[in-house]
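Trainee: Line by line, the protein sequences give chains A and B. The letter at position 262 of the first sequence is residue 262 when you use our numbering, and the numbering goes up by one with no holes. The letter at position 52 of the second sequence is residue 52 when you use our numbering, and the numbering goes up by one with no holes.
Wrong hints could be hidden among the right ones.
Some chain B residues near chain A, calculated using beta-carbon distances under 8 Å [stated by the list, open to error]: (1) 86; (2) 89; (3) 108; (4) 111; (5) 114; (6) 118; (7) 137; (8) 140; (9) 160.
Just a few of them, taken from the derived set where beta-carbon distance is under 7 Å, the chain B residues facing chain A [unchecked claim]: (10) 109; (11) 112; (12) 113.
Some chain B residues flagged as far from chain A (calculated, every beta-carbon gap over 10 Å) [unchecked claim]: (13) 29; (14) 40; (15) 41; (16) 65; (17) 84; (18) 93; (19) 117; (20) 122; (21) 141; (22) 169; (23) 193; (24) 240; (25) 245; (26) 253.
Note that these hints are calculated values from the structure, not bench results. Being a predicted model, the structure only gives us computed values, none of them experimental. We put the CB at the ideal spot given by N, CA and C, even for glycine.
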Amino acid sequence: MNAWTRSDHVASRARASLPENELAGAIQSVETIHARARQVPPGLMRPDSRGFEKASGVALPLLFLLLLVAGWDQMARAYSDPLIPRAAEIWSELLRILGNGKFVGQAATTIYRVALGFGLALAFSTLVGILTGRSRAFRQFAEPAILIGLTVPGLVWALLCVIWFGISLTTSTVAVALSIAPPLTLNIAQGVRTASPDLLEVAAIYQLGSFERLRLLWLPTIAPFLLSGIRIGLSMAWKVIVLVEVFGLSSGVGYQLNLEFSSQNVAGVLAWTIGFAMIMAAIEYVLLGGLERHVMRWRRAATV
Amino acid sequence: MTMEAIHSGFGALSIEAVGKVFVSNDTNVEALRDINLRLDGPELIAIVGHSGCGKSTLLKLIAGLDRDYDGTIRFLDEVVRGPSIDRGMIFQEHRLFPWLTVEQNVRLAIHRAPLSRAKKDEIVAERLALVKLGDFARSFPAQLSGGMAQRVAIARALAASPRLLLLDEPFGALDAFNRMAIQEELLKIWQDQQIPMIIVTHDVEEAIFLSSRVVVMSPRPGRVQTIVEIDLPRPRDRTSAEFIAFKRLILDEVGFGDARGSRAS
């Protein structure tokens, strides 16, 4: 709901229930004034601004993608090199891997591996993050681990896990978890530290149990930090899983990329990359975006 | 409005020789010294005084939010040893959970109560109706005005059926009109529900309008300077001569009598 129409809504409700008794009337008329004051003067509103925003929200990204494709195609034509395929070649390659079902199967394998590592990291980081944010001693103890973890390249984890665990699900899970746990933990710890002491006092007065505290206080407090941590984590996980699949596994998007690379099929490499990028973008926009809109809906109400 | 009383019977509060020292690195600040106060029955008392006189500190001790003090605080014949649902608290800020709706915020107070879901729903609806916010049950705090949010906080405190309500400058952040309206509303709730209340305020008029006794505290260290009985009939007229006389008396006590004194002499 638009912010301005909501103020209107508040005012009209207050008016509708006005003559209950004198006191209520007095209070509510004060609130009606408040609600009215929050409305914007009509001259400041552009009636078509929302429609325009919606259209440009679709048109501008599309424009960028069109320019990218056209620019690439111009470049490929100018070089006319087999290592720089034309846009049409990439497109037909993409259609081929999508058509024969190979892409779906391989992408599902990769996503499954990412999900396992991600779940492990999320559980671990939530626990360690809350402890780090709550306890000074624990923070001092865990800080070096987080800082070292942040600086170690994902490539190193991928190599080590392939050496230690060989061709197994453990390799991908551990490599992904090790790479994304540090930034996730750091984000969660920062979120925990933003918890309001005022609300903690309220939780103490009403003697909320630890589960209720987690559900009603801690999770909503860390939600924005958790979401940005998940975003960073997912983008890192995708890079690490490809490395693991290139080095040590015999299936998945990374393995397919490696196959196309060794046969010098650049169109194939690009097609796999584009395909997987589209999946990641869909997860980002649809899943995380939707989750964020749901979790943060109380905050949208505040931007009047 | 007809509504069954939230509880039956009322609690007695006794504060005996209570002192409080804040210890920081090398300086000790004595916040309260030898506070003695009794509250019997559903009385509404106000505590006024300069900032720094320890009035909010005292309220926190009664609430059980700070357990480190000298002397004894007894409520219903039990020594206060931590927060309890029996002693509701309302703060200057509404302290609503911003991500919960009005309804969920009120419900939070009875989360632990061994009641059925339906009974809890009923209590929440009842308390919201009491503060006339039934229509806003599904709004988020950010969608409410300051006065409405503070009334939700009152509904939340009442939901737990407290036997004592502590109010720490509850209307200090509201504008004058909202404040007067909500004072009348609080008074009505107090008369309806017969809950003893202690309100800390820096607003002398508010103290006289609401309470049967005004406790005037003096700062550094915080002590009870005097207790003024307000024997005005209710409803009280803020502009009556008797009301103004009380206002003068209390302003004199807190040390703001000079302006009037110079004119009188």
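Trainee: Each hint: holds or not?
Mentor: Hint by hint, here is what the structure shows:
Interface hint at residue 86 of chain B: violated, since its Cβ lies 10 Å from the closest Cβ of chain A, which is beyond the 8 Å cut-off. The beta carbon of residue 89 of chain B comes within 6 Å of a beta carbon in chain A, closer than 8 Å, and the hint placing it at the interface holds. Against a cut-off of 8 Å between C-beta atoms, the interface hint on residue 108 of chain B holds, since the closest Cβ of chain A lies about 6 Å away. Checking residue 111 of chain B against chain A by beta carbon gives a least distance of about 6 Å; that is within 8 Å, so the hint holds.
For the restraint placing residue 114 of chain B at the interface with chain A, the shortest Cβ-Cβ distance is roughly 13 Å, beyond the 8 Å limit, so the hint is violated. For residue 118 of chain B, the interface hint is violated, since its Cβ never comes within 8 Å of a Cβ in chain A; the closest pair sits about 20 Å apart. Below 8 Å, beta-carbon pairs count as interface contacts, and residue 137 of chain B has none with chain A, the closest being about 12 Å; its hint is therefore violated. With 8 Å as the threshold, the beta carbon of residue 140 of chain B comes within range of chain A, its nearest partner Cβ sitting at about 4 Å, so the hint holds.
For residue 160 of chain B, the interface hint holds, the least distance from its beta-carbon to any beta-carbon of chain A being 7 Å, beneath 8 Å. Nearest Cβ of chain A to the Cβ of residue 109 of chain B: about 5 Å, under the 7 Å cut. The hint holds. For residue 112 of chain B, the suggested interface contact is upheld, since its CB lies about 6 Å from the closest CB of chain A, less than 7 Å. Because the smallest distance between the Cβ of residue 113 of chain B and any Cβ of chain A comes to about 10 Å, over 7 Å, the interface hint for this residue is violated.
For residue 29 of chain B, the shortest C-beta to C-beta distance to chain A comes to about 20 Å, beyond the 10 Å cut-off, and the non-interface label holds. No beta-carbon of chain A comes within 10 Å of the beta-carbon of residue 40 of chain B; the shortest separation is about 24 Å. For residue 41 of chain B, the non-interface assignment is confirmed: its Cβ lies about 24 Å from the closest Cβ of chain A, beyond the 10 Å cut-off. Residue 65 of chain B, annotated as away from the interface, has a beta carbon of chain A within 10 Å; the closest lies near 6 Å.
For residue 84 of chain B, the shortest C-beta to C-beta distance to chain A comes to about 8 Å, within the 10 Å cut-off, and the non-interface label is violated. Interface exclusion of residue 93 of chain B from chain A breaks down, the closest Cβ pair being 6 Å apart, not more than 10 Å. Every CB of chain A lies more than 10 Å from the CB of residue 117 of chain B, the least distance being 15 Å, so the non-interface label holds. Taking the minimum C-beta to C-beta distance to chain A, about 18 Å, the non-interface status of residue 122 of chain B holds against the 10 Å cut.
The beta carbon of residue 141 of chain B sits about 8 Å from the closest Cβ of chain A, which is not more than 10 Å, so the claim that it is off the interface is violated. Distance check for residue 169 of chain B against chain A: the nearest CB is about 14 Å away, which clears 10 Å, and the non-interface claim stands. Every CB of chain A lies more than 10 Å from the CB of residue 193 of chain B, the least distance being 16 Å, so the non-interface label holds. Every CB of chain A is more than 10 Å from the CB of residue 240 of chain B (nearest about 20 Å), matching its label as outside the interface.
Chain A leaves residue 245 of chain B outside its interface by the beta-carbon criterion, the shortest separation being 27 Å against a cut-off of 10 Å. Interface exclusion of residue 253 of chain B from chain A stands, the closest Cβ pair being 31 Å apart, more than 10 Å.
In summary, the numbered hints that this structure violates are 1, 5, 6, 7, 12, 16, 17, 18 and 21.
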